[in-house]
Amino acid sequence: MWRTSLSAGFRCFVCKRAGIKGIWGSNAVRRCSAPALPTDRITARQAADLWKRYFEEMGVTEPDHSSSYIIAYLLGAKTMESVEKGKLTEFLSQDKTEQIWKLCTRRLSGMPVQYVIEEWDFRDLTLKMRPPVFIPRPETEELVELVLSDLNMKPRTGAGDEALLTCLEVGCGSGAISLSLLKSLPQLQVIAVDQSQDAVDLTRHNAVRLGLQDRLQVCHIDVMEDAEAVLSLCNTVSVLVSNPPYLFSEDMTLLQREIYRFEDHAALDGGKDGLKVIKQILIQAPQILSNHGRVYLEVDPRHPPVIQRWVEANVEEMHYMETRCDINNRPRFCILQKEKSNKDHKLDLD
Amino acid sequence: MSRLSPVISCVYRWSSRVIWRSPPTHPSFPGLPRVLAAGKKDLIHLPVLNEDELEEQFVRGSGPGGQATNKTSNCVVLKHIPTGIVVKCHQTRSVDTNRKRARDIMREKLDIRHKGELSEVLVKKKESEMRKQEKRRKVNENLERKRQFKEALATSSETGKDPV
Chain A
1 MWRTSLSAGF RCFVCKRAGI KGIWGSNAVR RCSAPALPTD RITARQAADL WKRYFEEMGV
61 TEPDHSSSYI IAYLLGAKTM ESVEKGKLTE FLSQDKTEQI WKLCTRRLSG MPVQYVIEEW
121 DFRDLTLKMR PPVFIPRPET EELVELVLSD LNMKPRTGAG DEALLTCLEV GCGSGAISLS
181 LLKSLPQLQV IAVDQSQDAV DLTRHNAVRL GLQDRLQVCH IDVMEDAEAV LSLCNTVSVL
241 VSNPPYLFSE DMTLLQREIY RFEDHAALDG GKDGLKVIKQ ILIQAPQILS NHGRVYLEVD
301 PRHPPVIQRW VEANVEEMHY METRCDINNR PRFCILQKEK SNKDHKLDLD
Chain B
351 MSRLSPVISC VYRWSSRVIW RSPPTHPSFP GLPRVLAAGK KDLIHLPVLN EDELEEQFVR
411 GSGPGGQATN KTSNCVVLKH IPTGIVVKCH QTRSVDTNRK RARDIMREKL DIRHKGELSE
471 VLVKKKESEM RKQEKRRKVN ENLERKRQFK EALATSSETG KDPV
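Taken in sequence, the protein lines are chains A and B.
Counting from 1, one number per residue, gives the positions in the first sequence under our numbering.
Counting from 351, one number per residue, gives the positions in the second sequence under our numbering.
Bound-form chain A, shown alone:
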C-alpha cells in the first residue's frame, strides 16, 4: 500500500516539473516544493531513499549525504552509520515523518545541511549553526591541530609555567577554533573577535553550551576598521589564530549556491587578492604577540609564497616559519613567529 502513495507523491512533483496547469498553478515548475507526505507509514531507510532521489531530481548537491545527515539527526545520531541498529527499518511516527519532510524541504533551496539541522561537528565538539554565520570547514580542524601540537610541545620555562596562556582569535564565526582550543587546553584563555554581531552571539551561545565561557572573552570588533580596539584587549598573547576571509573577490561569484546565498560574504571575501584581512592581521601581530609568539593562519593555496614575500618586505618583526598542507595536500596554513631583535634574525630562531 505504501508503494502507491509514494508513487502518487512522485506524480505530484513530476507534474509540477512539466509545468502543467491546474491545482498546482502555472509555472510552478522549479519552485522546489516537496513531494507529498506519504499517506502510509514508511521507514527511515525508505524516507532517506525517497529524499535522495528527490534531491537528485532537483539538482541538490550531495543528495545522498543531505538526506542521510538530516534523517540521522532526527533519529538522534550524527550519521546514518551511527544510527541505532534496527531504527532504520522501523516505521516512523507521523510526527517524525513530518519533521523529516520539513527539514528536507529546507534543503531544496540549497540551504547548507549544517543550517538545516542547525548544528555541526568540529573535532570533538558539536556546535550550533545559524545563518549567516560561517560554517566551519574540515580543513580548519587541522589548523587547530597545528596550534595544539605546538602548544603541547612548548618547553616549560619555569616561572609562569602555570600561568594562563592567552590566545587571540580573529574572525571567530561560530567559535569553532576558540572553543576547540579551550576544550583541549585547560590552561588556555582566549579572546575572540568578529566583525559580525551574529557571529559574536553564536560564539557566546556555543561557549555556554559547552561550559567554556569562563575562559573566553568574545568581542564585536572589525579589525579592518578598529585595530586599536583589539590592541587594547590584549597585551601579551602567545598565539594569534585566524581563518580570515581569504577568497579572491572575483571568485565569489563562482561559489556554490549553498555558500553564496546563505553564508556571510564578509566572512569569505578577502578582497582583490584575498589578502586584505590577512595583511591587517600581520601588521597588527607584533603589537599583540609576546616575543616568540606565533600566528597561525588558514589561507588560500596561492597565498603562502605571496605572504612570505610580503611579510619579509613589510613586517620587520614577523618571521615566516613554515607552510603546511591540508588533508587534500593543498598549501593551506601559514605559521609565522614574532622575533623582536633587529639584528641577525637567523640567530634568534630556534
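No lab work stands behind these hints, which were simulated from the structure alone.
Among the clues, some could well be false.
[What the hints assert, rightly or not] Derived DSBU-like pairs: lysine-lysine, alpha-carbon spacing no greater than 30 Å straight-line:
(1) A:Lys276 to B:Lys429
(2) B:Lys485 to B:Lys429
(3) B:Lys475 to A:Lys85
(4) A:Lys52 to B:Lys421
(5) B:Lys421 to A:Lys183
(6) B:Lys450 to A:Lys183
(7) B:Lys465 to A:Lys87
(8) A:Lys78 to B:Lys465
(9) A:Lys85 to B:Lys500
(10) A:Lys102 to B:Lys421
(11) A:Lys52 to B:Lys429
A quick note: this is a predicted structure, and the numbers were derived from the prediction, not measured.
Using the hints provided, position chain B relative to the given structure of chain A.
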C-alpha cells in the same frame, strides 16, 4: 617498506574524484611506542600504527576546498598496506574525529590479526558477552521464580490452603 606508487596510480585510474593522501608526517599522529586506545572503557595496549604504512582516502570532490567549498562528505577510508586491512569510518560529522577513530579501529584489527583469539580486543568482547548472558539468565530465573510464586498464590487462594 612497500612501494606505494603502483597502488596510487591504480587508484587514480578508478576515479578522479578520489584523492589519495600520501603518507603524511602529521603532527597529530606521532609514532608512540605503546598507545592506549582512546575513549574505550578499559585500557588496552594495542599495536602502534606507522603512518608510512597507511593510505588514507577522502572523497571530497574536485572543488577548491577551504572556504570556497561546503561539502559534507567526510567519510574516511584507511588502508593498512602491509596487511591490506581496510577500515571505513563515518561515525561522526568531523573528518578529524573520523580519522582518529579509523586509526583506533585499525589498531584493534591489527591486534586481532597478530594475536588471534588471544587479542585483548576479543578477550574483552567475549567477557562482556558472557557478563550479558549471565545477567540475562539471572533476570529470566527471577521472572520464573516470581511466576511460580504467583501461581502458587493463585492455587492456594482457590483451595483455601496456605502457600508453602
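Hint by hint, here is what the structure shows:
1. A:Lys276 to B:Lys429: violated (41 Å)
2. B:Lys485 to B:Lys429: Measuring from Cα to Cα gives roughly 38 Å; hence the hint is violated.
3. B:Lys475 to A:Lys85: holds (18 Å)
4. A:Lys52 to B:Lys421: holds (16 Å)
5. B:Lys421 to A:Lys183: Roughly 26 Å separates the two Cα atoms, so the pair holds.
6. B:Lys450 to A:Lys183: holds (17 Å)
7. B:Lys465 to A:Lys87: violated (35 Å)
8. A:Lys78 to B:Lys465: violated (33 Å)
9. A:Lys85 to B:Lys500: It is violated: about 36 Å lies between the C-alpha atoms, which goes past 30 Å.
10. A:Lys102 to B:Lys421: holds (22 Å)
11. A:Lys52 to B:Lys429: holds (29 Å)
Checked against the numbered hints above, the structure violates hints 1, 2, 7, 8, 9; every other hint is satisfied.
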